[in-house]
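Protein chains: 2
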Amino acid sequence: MYQYIKNGSVTSTKGFKAAGIHCGVKDKSKKSDLALIYSSEPCIVAGTYTLNKVKAAPLLLSKATVAKSKFVKAVVVNSGNANACTGKQGDLDALAMQKKCADSLNITQNEVLIASTGVIGQKLPLDKIKNGIDKIVPLLSAKGGIDAATAIMTTDTKIKSYAVKVKLSSGTVTIGSICKGSGMIMPNMATMLAFISTDAKITKPVLHELLLDSVKNSFNKISVDGDTSTNDMVLLLANGLSGIAINKKSADYNSFKEALGSICISMAKAIASDGEGATKLITINVKSAKTEKEADVVAKSIANSPLVKTAFYGEDANWGRILSATGQSGANVNPAKISISFDKLPVLLPDYKLVINEVKAAKILAKSEITITVDLANGKKEATWWMCDLSEDYVKINANYRT
Amino acid sequence: MYQYIKNGSVTSTKGFKAAGIHCGVKDKSKKSDLALIYSSEPCIVAGTYTLNKVKAAPLLLSKATVAKSKFVKAVVVNSGNANACTGKQGDLDALAMQKKCADSLNITQNEVLIASTGVIGQKLPLDKIKNGIDKIVPLLSAKGGIDAATAIMTTDTKIKSYAVKVKLSSGTVTIGSICKGSGMIMPNMATMLAFISTDAKITKPVLHELLLDSVKNSFNKISVDGDTSTNDMVLLLANGLSGIAINKKSADYNSFKEALGSICISMAKAIASDGEGATKLITINVKSAKTEKEADVVAKSIANSPLVKTAFYGEDANWGRILSATGQSGANVNPAKISISFDKLPVLLPDYKLVINEVKAAKILAKSEITITVDLANGKKEATWWMCDLSEDYVKINANYRT
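Chains as they are written, first to last, in my numbering: chain D, 32 to 434; chain V, 32 to 434.
If you are wondering where the hints come from, they were derived from the structure by calculation, not from laboratory data.
Heads up, the beta-carbon is just placed ideally off N, CA and C, and yes, glycines get one too.
Hints should not be assumed to be uniformly reliable.
[Unchecked claim] Listed next, the stretches of chain D that the computed footprint assigns to chain V, with coverage defined by at least 3 CB atoms under 8 Å from CB atoms of chain V:
#1 145–153
#2 338–348
#3 362–368
#4 380–388
[Stated by the list, open to error] One-sided and incomplete, this derived list gives chain D residues near chain V with beta-carbon spacing under 8 Å:
#5 Tyr35
#6 Asp165
#7 Ser201
#8 Leu354
[To be verified] Calculated pairs, DSS-like style, for lysine-lysine (alpha carbon to alpha carbon, straight line, at most 25 Å):
#9 Lys391(V) / Lys427(D)
#10 Lys154(D) / Lys384(V)
#11 Lys427(V) / Lys394(D)
Looking at chain D on its own, in the form it has when it is part of the complex:
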């Protein structure tokens, strides 16, 4: 059993402090661009990272640090510059950022993880970040989660921050989080960062397993396909301060997993609904598939279809595009068996029987959150994806992002 905490964040978890400031990376907008998360106690850590062959320097460094460190205590993040495609200089800058943070916090370099997000291919303004680290350390606070969530934003329009309390057999643990959406609603270059804290006591292998499982059903099911950017990263830090241990194959394990899954889905949906230029959040349920994979590829194909996305933006009940996206997914489906509904309204029945009530459909499509269900009548498996619509603003935002 878990419960969301109002205005919860990564610092809702016992022992975690955070802060967010403007240090000058975003030199034009003056928005905040440096975040620091710190745990008073050493944390076990697990991470998942982009599968893009082009990996940013801070990501490679953090991945290596997670792999070799028994514990970590801090995560420092800048926005405005991704430190990606920056070659050897980028590696050196990432190391310098890590070292500066360690020195300022008086901990070892291996206890610091770093992340960057923003423009690709430009040298990191290291001096600004170093000065920023000097300024941000004294500001660390148990109320700083929202400031940190603000400082990691790029084209996000909303702060993304959640926390839950999880009731376990021997007491309550907390899971807190902040994340940033790529802003990008298509399956590439979606720089997505998420930082999750918990005061549960968990071993590294169990933490890793829990994280992978949660990411699979959340961040990997939005059409901000998490595994293809240069900088994508999800980190989960557990400082054990609650004293409550989560062991594998316990009822508590399942409760914790459910809560972590929920918080990850909350973040993923927030990212999808805040896609650049997005006006709607669309949930895609694919049902009655032969295998989980089949359900997944169909849902993914729909979620990634720009024609489906633009139809939703236009509030057009274009079920034909949904059906065609299903047909071109690669799944071995029989289109004549498929049914489609919008929310609870049946639109298409098997044998291409069109039963749509256009007036009712228009009302549903005018909403800001819509669920479409595609029933393949091919088995018992299902999958859920989330996407946003595609508006002119997506193009406007992305046509000149670099400059």
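Position chain V against the provided structure of chain D, taking the given hints into account.
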């Protein structure tokens, strides 16, 4: 050796007539919506078709007809309605359209191929098409190719029509063509139709081989990925009227293949550059790949990246997005070895060495045709794709296409 014919079309080929009229399928716009292509002599025919699991009724019927007919003489095409996802009624309507055309031309049903393009999921207005067929037959003319090209358009803004004369050892043959772009610039639901005529004498297996080869390097290399819509079809008709035979493994075979390849590339580029809302045609050359497949997946990944497309629309020299699209292609490339240029201007050298001259790059990016070259430094294979940019107009056009 081949040469393009000025204002050439499908009727530039000896023995081919065509016509195009408005019959009422496009009831609002009054634009022409019915095309007929007819050969006085029986034609050997080859076809390639969408791989989408959702296949339109006319496509299934034409595919079956091509497979079983020794010869065909006519292709009738309507635009404005795709007769896709229309179930049994759609099959009956397609058959009725084929039969009506055969009756009007006084030939057998198996000598008629049909195609439809337009909105999905709406019943074909068969009476309008039948009346139209009555009207169009008397209009067939050796000068009617452009009218036919006009009548198959949907959101296309330009007529797409080409013909070449090919000098062979024993004389000259002609290849003529018309096509319509999907208008859609993304790899799904791109309804792409192309009809190619020739007066060369070719056996069915050789014709089929020639067509597959040409399509592979043209229509399948644009980000209107030809194989994923419900209605995509390329038909090649050879009536033998030149009396010149093309046999396998002759020098003439290669000359003909080269000319057919060129005309298919011309059509593919015309489709890409006329993508909905497109302002630029971008050629993507991927060089020095380990395998042809590697070059292909990288070029495809770049061509399908909405972020790359929007950057070109914004005339932004965003090489980082090109590199990231390369990295997320699935190809096993080393990003540190990659070079990128825009036209002849080097932008990125290995080890992320940025050498871009922003002033020169801006001049190149302002052009309406741009070539980007990505050198993987991984081998000797290459691939070329074509794409257009992504503008706000794409969204406007597609947000309300159905209604």
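Do the hints match the structure? See the list:
Check on the region 145–153 of chain D: 3 of its residues sit with their Cβ under 8 Å from a Cβ of chain V, so the three-residue criterion for coverage holds. Counting residues of the region 338–348 of chain D whose beta-carbon sits less than 8 Å from any beta-carbon of chain V gives 7, enough to reach three: the coverage restraint holds. For the region 362–368 of chain D, the proposed coverage by chain V is satisfied: 6 residues have a C-beta within less than 8 Å of a C-beta in that chain, meeting the threshold of three. Counting residues of the region 380–388 of chain D whose C-beta lies closer than 8 Å to any C-beta of chain V gives 4; at least three are required, and the coverage claim holds.
Of the supplied interface hints, the one on tyrosine 35(D) is violated, with its beta-carbon coming no nearer than about 33 Å to a beta-carbon of chain V, more than 8 Å. Below 8 Å, beta-carbon pairs count as interface contacts, and aspartate 165(D) has none with chain V, the closest being about 29 Å; its hint is therefore violated. Proximity of serine 201(D) to chain V is violated relative to the hint, the smallest CB-CB distance being about 44 Å (cut-off 8 Å). Against a cut-off of 8 Å between C-beta atoms, the interface hint on leucine 354(D) holds, since the closest Cβ of chain V lies about 6 Å away.
Taking the CA atoms of lysine 391(V) and lysine 427(D), the gap is about 24 Å. The hint holds against a cut of 25 Å. At most 25 Å may separate the alpha-carbon atoms for a hinted pair to count; lysine 154(D) and lysine 384(V) meet this at roughly 11 Å. A threshold of 25 Å between alpha carbons decides the hint, and for lysine 427(V) with lysine 394(D) the separation of about 21 Å falls inside it, so the pair holds.
Hints 5, 6, 7, counting from the list given before, are not met by this structure.
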